[in-house]
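> Here's the letter readout for the chains.
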Amino acid sequence: GFPGHMGMKGQKGESSYVYRSAFSVGLTERAPHPNVPIRFNKIFYNEQNHYDSSTGKFLCSISGTYFFAYHLTVYMTDVKVSLYKKDKAVIFTYDQFQENNVDQASGSVLLHLSSGDEVWLQVYGEGSNNGVYADNINDSTFMGFLLYPDMDDH
Amino acid sequence: GFPGHMGMKGQKGESSYVYRSAFSVGLTERAPHPNVPIRFNKIFYNEQNHYDSSTGKFLCSISGTYFFAYHLTVYMTDVKVSLYKKDKAVIFTYDQFQENNVDQASGSVLLHLSSGDEVWLQVYGEGSNNGVYADNINDSTFMGFLLYPDMDDH
Amino acid sequence: GFPGHMGMKGQKGESSYVYRSAFSVGLTERAPHPNVPIRFNKIFYNEQNHYDSSTGKFLCSISGTYFFAYHLTVYMTDVKVSLYKKDKAVIFTYDQFQENNVDQASGSVLLHLSSGDEVWLQVYGEGSNNGVYADNINDSTFMGFLLYPDMDDH
Ligand SMILES: [Ca+2]
Ligand SMILES: [Ca+2]
Ligand SMILES: [Ca+2]
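Heads up: the sequence lines are chains A, B and C, in that order.
Counting from 379, one number per residue, gives the positions in the first sequence under the numbering used here.
Counting from 379, one number per residue, gives the positions in the second sequence under the numbering used here.
Counting from 379, one number per residue, gives the positions in the third sequence under the numbering used here.
Think of the hints as simulated: they come from the structure by calculation, not from any bench.
Worth double-checking, as some hints may not be accurate.
Pairs involving identical chains hold if they fit within one copy or between any two copies, as the list cannot separate such chains.
[Said to hold, decoys possible] With a straight-line Cα cutoff of 20 Å, these simulated SDA-like cross-link-like pairs (lysine to any residue) come out: (1) K435 / Q476; (2) K464 / H383; (3) K420 / N478; (4) K435 / N514; (5) K435 / N516; (6) K466 / I515; (7) K420 / K466; (8) K464 / H428; (9) K435 / N479; (10) K466 / D528; (11) K420 / A467; (12) K464 / N479.
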């Protein structure tokens, strides 16, 4: 008899579009508490909900290389914050305040994260350097995004 | 009869290479005007020409999630700028100037944009906080890039 | 006859997975030397080893558009640094120091690089503006990553 019909077309190849993770958040008020993650409640972007504003932590769901950045308004007292990865302070940013001289302090870093790793910002030390300020027309912000997902996940 | 021929090979997976949008620009002189977008005329990168230095505005051509950042030299007077999206101030950066103490102020944010949305930097308020400075060996810069194009556009 | 077998799965979409280049580094001590690249010895990320901490230079291996950023602690004296591309100062960041007023200065830029191009940070001028500071709980950092590889390389 006749040959059968041609087989179905193969599946589409993989795309990078499914590997996404990003957040961008801001403080709504001053005076972050010492010894706990700073909780950013103003949400600019958090589509995947990997940032939890109730805890202040970003939770890695996709292993890979991530970019993180923060920009802090320094007002009333000095600022010293660390970006923490899994309970370890990775980078430190220190800016002293002088009267009538509000400042801006910022930091950024690339880190490899495994699924389950948490990253957050926290006032470093005993809490005296907690001059991170924000109100409705002054921002202090934190963000992160997945730059390169791990190859072995594909 | 014989089985039919094997089906055609599947389509190639999607590539992100066609979805590109990025700019990186700087000021050439001080004293941006109040109430209008700051016009950055020094071009570090603008391959897709989505930033228009005659208006100071970035025009989104590809819907998706964008990263924006700016770094400002604070000199002669205080600085207060906002990043605007569609006539709304999204984030605010304030840095006070004191004599003999040039400062640097910066901000960054992730925003979802739809095609046609405009983004720019502008001195906030009535123009007294316009101490953004630049000359041939001092920079004040603005940049942005498409991080993740919208999935439904593919 | 029977229909043929299903076609083979399509090729994986051209993904950016093979085109990766990123580094994130920090200073371990103060007092960078003038007239030579600042050598960052604390490695946060350098998987592809495109940053050489013995020379302080990033060497481009994949032509494309790159993001660079730096964040500097300003202490003891003023800071003026430039980001260099191929022996040319591309952007300048200046921040003055005043007693008891540690500051933070930062910059970022997008640049198109060709394979073989080198990028680094250097104190600008004769070395008097070398107040870039770091110790084990204060950071000054530098980073970069490939944003968009050149299309014609694929
Ligand atoms: Ca200031
Ligand atoms: Ca200063
Ligand atoms: Ca300060």
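> Next, verify each hint and record whether it holds.
Hint check results:
no.: 1; hint: K435 / Q476; verdict: neither (31 Å within a copy, 35 Å between copies)
no.: 2; hint: K464 / H383; verdict: neither (55 Å within a copy, 49 Å between copies)
no.: 3; hint: K420 / N478; verdict: neither (26 Å within a copy, 32 Å between copies)
no.: 4; hint: K435 / N514; verdict: neither (23 Å within a copy, 24 Å between copies)
no.: 5; hint: K435 / N516; verdict: neither (22 Å within a copy, 22 Å between copies)
no.: 6; hint: K466 / I515; verdict: between (32 Å within a copy, 12 Å between copies)
no.: 7; hint: K420 / K466; verdict: between (25 Å within a copy, 16 Å between copies)
no.: 8; hint: K464 / H428; verdict: within (15 Å within a copy, 27 Å between copies)
no.: 9; hint: K435 / N479; verdict: neither (31 Å within a copy, 30 Å between copies)
no.: 10; hint: K466 / D528; verdict: neither (22 Å within a copy, 35 Å between copies)
no.: 11; hint: K420 / A467; verdict: between (24 Å within a copy, 14 Å between copies)
no.: 12; hint: K464 / N479; verdict: neither (34 Å within a copy, 31 Å between copies)
Going through the hint list in order, the structure does not satisfy hints 1, 2, 3, 4, 5, 9, 10, 12.
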